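Whenever a hint applies, use it, and build me the whole structure from the sequences.
Residue numbers (the working numbering), protein chains in the order written: chain D, 1 to 324; chain C, 1 to 253.
One or more hints might be untrue.
[Claimed, not checked] Here are the computed distance ranges between Cβ atoms for each label pair: (1) D/V18 with C/S73: 16 to 24 Å; (2) C/G41 with D/T310: 21 to 29 Å; (3) C/S73 with D/F127: 31 to 39 Å; (4) D/L93 with C/E182: 56 to 64 Å.
[To be verified] If you want a taste of the chain D side facing chain C, the calculated C-beta under 10 Å gives, among others: (5) L183; (6) G189; (7) H190; (8) A193; (9) H200; (10) M202; (11) P208; (12) V209; (13) F210; (14) W245; (15) V294.
The set of hints was computed from the structure by calculation and includes no laboratory data. If you're wondering where the values come from, they're calculated on a predicted model, not measured in any experiment. All C-beta atoms, glycine included, are put in the ideal place defined by N, C-alpha and C.
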Amino acid sequence: MSAAIKTPRGALLATLLVLSIFPLFGSDYYSELLTKIMIMAIFAMSLDLLVGFTGLVSFGHAAFFGIAAYAVVLVSPQYDPSSLWLVLPAAVLAAAVAAFVIGLFVLRTKGIYFIMVTLAFAQMIYFVFHDSPLGGGSDGVFINFKPELRIGETQLLDLGNAAHFYYVVLLLLVATYVFLRILLRSPLGHALAGIKSNEHRMLSLGFPVFLYKLAGFVIAGALAGVAGFLSACQFGFVTPEILSWHQSGNVLLMVILGGMGTLNGAAIGAFAFVVLQEVFSALTKHWQFLMGTVIVLVVMLLPGGLSSLTQRVRRLLVGGGSNG
Amino acid sequence: MGELVLAARGLSRQFGGLAANKDVSLDMHRGELHAVLGPNGAGKSTLINLLSGDLPPSGGQILYRGQDISGWSPDRRSRAGIGRSYQRTNIFPAFTAFENCRLAAQSRAPRALHVFSRAQNYDDLRSAADRALEQAGLAARRDVVAATLSHGEQRQLEIAMVLATAPSVLLLDEPLAGMGSEESQLMVSLLQKLSADHAILLVEHDMDAVFAVADVITVMVTGQVLESGPPDQIRSSLAVQEAYLGGGEPDDE
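Laid out in structure tokens, this is it:
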């Protein structure tokens, strides 16, 4: 595999350290923002598995994020906190099953058709929730009690507690990252890379390419479900907008902004996107104009995304520069 | 002569009004190298594409060990043991030569869902890949990224990848095209070695090589089989001389 991207352990550990101690020093506002960023990072990394590592540009990834969020609503009892043991697996399973069913259809198409068909499926699901009373219709629905983790009588975790929630999100972010890193170097990961590089040759070498893509699609959908679950828990409120095409577009922009096919890039992209959104929307209500400008500039000036920027800087500092 | 492994029966393929292959029948036996000759446009590549499943036939049958596989997908045929190489180099450019072959070997191992193990840790796949590189004369270039290999080396890699899948049938589409003379010689002796226990179909323009290694030669013209037989018969065939060998220089692309 290409050895182009190699993030030093040091940078990763430093990031982990900062994230681990941030709530002790940072204000509640920033901790909450960081929580949102970490959730989006999980979402963006799950999409990067498809876009960056398998070559499948999905424009409907919000479907799985949203289905998991609605699963939280549908599984939670109305007047009691639900159990994390139940809700998290249920939400992830719902997203995975949806990815499996949708994958059976969309993975028969390629290129621009794949983009359009994933978008179409996501919009269908958007309208299912928008126009039916299933999840409160277009108004959305509240989750009255956040899930909690109990063993016997003792409550171990309460996701309604901001600090508990922060560390649950951090834990799931690390777990997602490690899982994807392991997956990418496994036989399945190598096969997905082969499909991205040359699908035709993979077929003639005897790989059942469709099944591999389906496996990748289901895994990506399930991980998007983890993010959707967390998002529902953070805001305690789910509306159809979280599975609209805007959301699918935003997560795609995060991946592109950070750099496709690097995993770290997806997380960096999520960070940059959410922070810029926060900064620009404080400046002007036409923040999307500024955001658009930034994205155009990054795509034009930094084809490898923001994650390639750190590498360029490092190369400058180390004084290499020779191997461009 | 070894057992009949792969057979085409009345195979045809239409492209619009053009019959690229028309009523083509041929047999491939284990231990036999079967060469297909013919001018450009004779339908040689189409024949390989039909046998490998890259193209569905418009009519006729393909029998593999007696079973009709005409409707099988390319990957299923490959897993059954029908390996092919391409006329236009068809590799994974960003991977090293070794990883190209390791991935090829991995296709034989039902390990798709071993998500928690390292692909690089399977010794059997590594040794299959190294053996294939060795056979194709690329061992010294093992860790070079495929895109930076020379054109001839990429042709060798093309063959190495097929070998790494340990096929029993080899469909080789102009394997020597673009190779240097040294590599060509290596490849010819490799083909001779492989033909002992494989069924090989060789499409090749290099006449000397073909007559040196082939056990059977089939000559195709405009999508049809003109004549089929041992090299001596083909060499002395008037029909072949008239239609192909005698009709000016064979078109060499």
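Each hint, compared with the structure:
no., hint, result
1, D/V18 with C/S73: 16 to 24 Å, "violated, 50 Å"
2, C/G41 with D/T310: 21 to 29 Å, "violated, 54 Å"
3, C/S73 with D/F127: 31 to 39 Å, "holds, 35 Å"
4, D/L93 with C/E182: 56 to 64 Å, "holds, 59 Å"
5, L183, "holds, 5 Å"
6, G189, "holds, 7 Å"
7, H190, "holds, 4 Å"
8, A193, "holds, 8 Å"
9, H200, "holds, 7 Å"
10, M202, "holds, 8 Å"
11, P208, "holds, 5 Å"
12, V209, "holds, 7 Å"
13, F210, "holds, 9 Å"
14, W245, "violated, 31 Å"
15, V294, "violated, 29 Å"
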